[in-house]
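The task is simple: from the sequences and hints, build the whole structure.
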Amino acid sequence: MIPSLLLRFLLFSVLWWVLAEGRIDGWWLGAVAVVTATCVSVILMPPAVHRLRWGQIPSFVLFFLRNSVRGGFQVAMMALRGRAALQPGVLELQLNLPAGGPRVLMTNVIGLMPGTLSVELAEDRLRVHVLDERLPIEAEAGELEARISALFGVGR
Amino acid sequence: MIDILSAVLQIAGAFFYFAGTLGLLRFPDVYSRLHALAKADNLGLGCVLIGLALQAETLAGSLKLLLIWPLALAASAGVSYAIACRADSLGVAPWRKEKH
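In order, the protein sequence lines correspond to chains R and Y.
FYI, our numbering numbers position 6 of the first sequence as 6, with every residue one higher than the one before it.
FYI, our numbering numbers position 72 of the second sequence as 72, with every residue one higher than the one before it.
None of the hints are false.
Now the in silico label distances, taken between C-beta atoms and shown as ranges:
1. Y:Ala7 <-> R:Val49: 43 to 49 angstroms
2. R:Thr36 <-> Y:Phe18: 34 to 40 angstroms
3. Y:Val92 <-> R:Arg23: 45 to 51 angstroms
4. Y:Asp29 <-> R:Leu6: 45 to 51 angstroms
5. Y:Ile4 <-> R:Arg134: 34 to 40 angstroms
Keep in mind that the hints were calculated from the coordinates and are not lab data.
Please read these numbers as outputs of a predicted model, since none were measured by experiment.
Cβ coordinates follow ideal geometry from the N, Cα and C atoms, glycine included.
The following block contains the structure:
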């Protein structure tokens, strides 16, 4: 509990420092903001059992960047072609991730991956809207799930 | 050299914003429009921010520009989910292509 509080406090402090561009003359306002942010984050997202594996973060970030560029490019091309490019549908995915952080991260990240958008997360089932049913959505969602499992160090 | 790279990135960013807005206008329903906003606009924002960060005068200034991206991404992912989830619970049916 204490180490994770301290870590959040430090992260919010760094965030403030960057947002203030390194100036320290408004430090008291920063202190109020950092303490408030730490308290709110503990209420909204209590320190959980599933911890991030820090060593896994770089490869996850690379995977995320590659796919969000691909996703943005794909949807941009579809927008240029108009409705003819679309064949939307709704899929229901069965998640093998534990509840809490991992599932929430999956729900959010899949909205930035090519062709998918989360519609509803209910227990271990995630409904996604897809722009084109012909794309290999399930395989890609499976890969994202494997990446998130590795990020949190949880078995599948 | 850095100026050229920065200009190219900002033009690419403007293109993705253009495409995102085009998607917002042309796509048939709320879900498809969210795809365009969540993905194309965020990629556009990323390109513009990297382009601007290359020209920032201080390290803290360019870090600040780069930091805007993940913060906006997190907000955008959460908000798209919230809108899609609400539309779904109100019974808004996704648009489907007519079968020929």
